[in-house]
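Knowing the structure of chain A, use the given hints to seat chain B on it.
Number of protein chains: 2
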Amino acid sequence: MSNLTNDIQEMAKRAKKAARILRILSTKEKNNVLLHMALTLDRKRDFIQSENKKDLLAGQEKNLSAAMLDRLELSDAVIDSMMKGLREVAALPDPVGEIEKLSKRPNGLLVGRMRIPLGVIGMIYESRPNVTVDAAALCLKAGNTILLRGGSEAIYSNLALAEVLQEALVSENVSADAIQVIPVVDREAVDIMLHQEEHLDLIIPRGGEGLIRFVSENSRIPVLKHYKGVCHIYVDVDADLHKATPIIVNSKVQRPGVCNALEGVLIHRDIAREYLPQLARELMAEGVKMLGCKESVQIVSEISPAMESDWGTEFLDLRLCVKIVTDIDDAFSYIDVYGSQHTENIITENYTRARRFIEEVDASAVMVNASTRFNDGGELGLGAEIGISTTKLHAYGPMGLEELTTRKFIVYGQGQIRS
Amino acid sequence: MSNLTNDIQEMAKRAKKAARILRILSTKEKNNVLLHMALTLDRKRDFIQSENKKDLLAGQEKNLSAAMLDRLELSDAVIDSMMKGLREVAALPDPVGEIEKLSKRPNGLLVGRMRIPLGVIGMIYESRPNVTVDAAALCLKAGNTILLRGGSEAIYSNLALAEVLQEALVSENVSADAIQVIPVVDREAVDIMLHQEEHLDLIIPRGGEGLIRFVSENSRIPVLKHYKGVCHIYVDVDADLHKATPIIVNSKVQRPGVCNALEGVLIHRDIAREYLPQLARELMAEGVKMLGCKESVQIVSEISPAMESDWGTEFLDLRLCVKIVTDIDDAFSYIDVYGSQHTENIITENYTRARRFIEEVDASAVMVNASTRFNDGGELGLGAEIGISTTKLHAYGPMGLEELTTRKFIVYGQGQIRS
Chain A
1 MSNLTNDIQE MAKRAKKAAR ILRILSTKEK NNVLLHMALT LDRKRDFIQS ENKKDLLAGQ
61 EKNLSAAMLD RLELSDAVID SMMKGLREVA ALPDPVGEIE KLSKRPNGLL VGRMRIPLGV
121 IGMIYESRPN VTVDAAALCL KAGNTILLRG GSEAIYSNLA LAEVLQEALV SENVSADAIQ
181 VIPVVDREAV DIMLHQEEHL DLIIPRGGEG LIRFVSENSR IPVLKHYKGV CHIYVDVDAD
241 LHKATPIIVN SKVQRPGVCN ALEGVLIHRD IAREYLPQLA RELMAEGVKM LGCKESVQIV
301 SEISPAMESD WGTEFLDLRL CVKIVTDIDD AFSYIDVYGS QHTENIITEN YTRARRFIEE
361 VDASAVMVNA STRFNDGGEL GLGAEIGIST TKLHAYGPMG LEELTTRKFI VYGQGQIRS
Chain B
1 MSNLTNDIQE MAKRAKKAAR ILRILSTKEK NNVLLHMALT LDRKRDFIQS ENKKDLLAGQ
61 EKNLSAAMLD RLELSDAVID SMMKGLREVA ALPDPVGEIE KLSKRPNGLL VGRMRIPLGV
121 IGMIYESRPN VTVDAAALCL KAGNTILLRG GSEAIYSNLA LAEVLQEALV SENVSADAIQ
181 VIPVVDREAV DIMLHQEEHL DLIIPRGGEG LIRFVSENSR IPVLKHYKGV CHIYVDVDAD
241 LHKATPIIVN SKVQRPGVCN ALEGVLIHRD IAREYLPQLA RELMAEGVKM LGCKESVQIV
301 SEISPAMESD WGTEFLDLRL CVKIVTDIDD AFSYIDVYGS QHTENIITEN YTRARRFIEE
361 VDASAVMVNA STRFNDGGEL GLGAEIGIST TKLHAYGPMG LEELTTRKFI VYGQGQIRS
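Chains as they are written, first to last, in this note's numbering: chain A, 1 to 419; chain B, 1 to 419.
Bound conformation, chain A alone (with noise of 0.2 Å):
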């Protein structure tokens, strides 16, 4: 066994023996290990952004785009959100321990499900140390001890910040193996991670797509993946076009760059004659580019004709596809064979069609009369987010503290045997 293949093993054996005792931690004991890291946090700033500053000179002289350097940085403000964030984990409700279906059996055994910890979350990012702090969080909170491992050019940002968070654990007399950060950028770490199905119970990739198919061809421990957004918003012929402007105007370009913003309109012939110049007109005024179908260029000239491999693409900017259907069933043909199963949406006032839309569309999130943005932890309730997952598997969509939980069964008896 190489050195590193050793090194890492010994880390996710650590975080596993860890994970013994965070399991049984009282929802007061987590919450005070988290406000004790926020102050510890803020009583370090000047070792933090020391240590960050190796990592944005490195980047500097890797000439890495001014956009990533902006991500690299631990700015006081960043600090101060990271700060915030743990004090809003420790705010959230602890799924631990809740008992779910409790009820009696014929026999008389007492038979429920219990919320209890998933165990060692691998988390496996790029960019960004805040994730760091967001991600652990989450996971101490859920009962879980983390191993993370992030991306080469925050690497002193990274052990920075796990230093930091384990003298927090330290002072609360929980392990400082709870929190641990893997020390080297080489990419054989990864494989390595993801061989020790032994140690960890889920791997969590964050990042671009090369990552998030390497991890999954190669993970041997179940993986909680995002691939892509490829959001659509159908407006019905019995649409409020009132409404229907300001969420399609809101979904494209409120935040264009992320997985939930909107990459294609789906519009019913009967109102596109009418509906289409207004909509081109306010997204143009937004410097929305818009590419659509042979119909819609017909309509409105200043459309481009989109290509086929337009269609389904997540684009990220201000682009937008815009095909024109014949009804529903055909916007859920065109969603089916272009969505991504992440965000999908209908405008309507039309009962019926709400029903059908909300009901028959795969999707991790179905909207009626919303913009797609709204596909978020925070906004759908979760109090914060570690990821949202496009595959169906434990989770689909946003993946709050309780999506880092399972449930065991639990029976009370007084004496039952099986016969």
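If you are wondering where the hints come from, they were derived from the structure by calculation, not from laboratory data. A hint or two may mislead.
Unchecked claim - Below, a list of computed lysine-lysine pairs in the DSS-like style, where the Cα atoms sit at most 25 Å apart: (1) B:LYS28 with B:LYS16; (2) A:LYS228 with B:LYS17; (3) B:LYS16 with A:LYS225; (4) B:LYS101 with A:LYS101; (5) B:LYS104 with A:LYS225; (6) A:LYS243 with B:LYS104; (7) A:LYS104 with B:LYS101; (8) A:LYS101 with B:LYS104; (9) B:LYS225 with A:LYS16.
Same frame as chain A, now just chain B:
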């Protein structure tokens, strides 16, 4: 692409296409299919049994054991039991469409979570052909399509059963692609199936450790697997010994060859001298061979000294390990090392230790004063089970209809946009 790869990929694609229909079938439509299947099985007994005979003859030629041949046979009793199973699944409540946690956000959005089918389930199993019907019924009731790959020794039986089930599907105007059996016995077929991540949502393997390991190491699709059941009972110092003995005997001898049978008993030191001789007498009268720690051998000389490799072994026969422990924490440490996170039980009248055991032990089922044999979907109230998961993601413990579904977010807006 090889012909085999192409064929299996085509089946997976058809299964995915059919899943779009299955996911919106009403409960009544699904139940009609299930009841129709039971009738068709009954009507086609001769066909099923003549195909089954081919497998039985081939099995005899291959010198399969009597037990194997017995598991392979589709006798009238087995067909009756499959029919009964279909009717029972029809009678179960349908989890699909159930809405949980519907509540209003501060901005007026009504947000909830709706249960939906997973999509396409791949089932890989060995020997018993009745699994074909049992698994297909549960998947269909939960709105999923299924791609089945049974053992080579049951190929004629599995194909015949699929043909019968498909006849019932078509009679009820549901696509025959909802239930497909891969007609290839080659191990390569499994590997190809495990790479259909674009079309399949979940793989459930059922069989020996070799199959499970192959599947989990090669699958690009999420896997719900069951390794082994090394179940323990801890007899606390405050145990009611009149409850303890029948529970231990039942857990060990009622059906020793199954995963929820007992493999180890932990006895508190302060009662060992009084209790172990009684317990040993009862167990030995049932033919149980006891293997114990040094101390237990000193108390009961008929107990054989256990070797290190005996601890944590899933015997699946009438052997049982006995270990004397200092207290409940010593029991926890033993279970952490040697348990398999399947079923762990305590016998006690002490309130605080009962509560500690329920909360602190990490296993798919933890029980107080009851037989380990109750860790079973039927016994725990799930109605029917498609397997028992010993990994924590998505499902932990017996998996019923609900575990064959997931939840999407549903959002009812009034024109809300994000600010």
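Now the hints, each set against the structure:
Under the criterion of a C-alpha separation no larger than 25 Å, the hint pairing LYS28 (chain B) with LYS16 (chain B) is consistent with the structure, at around 22 Å. For the hint linking LYS228 (chain A) to LYS17 (chain B), the alpha-carbon distance of about 21 Å falls within 25 Å, and the restraint holds. Simply put, LYS16 (chain B) and LYS225 (chain A) have alpha-carbon atoms about 20 Å apart, close enough for the 25 Å limit, and the pair holds. Between LYS101 (chain B) and LYS101 (chain A), the direct Cα distance comes to roughly 14 Å. Compliance with the 25 Å bound is thereby established for this hinted pair.
A distance of roughly 28 Å separates the Cα atoms of LYS104 (chain B) and LYS225 (chain A); the hinted pair therefore is violated under the 25 Å criterion. A C-alpha spacing of about 19 Å is found between LYS243 (chain A) and LYS104 (chain B), which places the hinted pair at or below 25 Å, so the restraint holds. Simply put, LYS104 (chain A) and LYS101 (chain B) have alpha-carbon atoms about 24 Å apart, close enough for the 25 Å limit, and the pair holds. Distance hint between LYS101 (chain A) and LYS104 (chain B) is fulfilled; the C-alpha atoms sit about 24 Å from each other, no more than 25 Å.
Proposed proximity of LYS225 (chain B) and LYS16 (chain A) is supported: the alpha carbons are some 20 Å apart, at most 25 Å.
In the structure shown, a violation is registered for the earlier hint numbered 5 alone.
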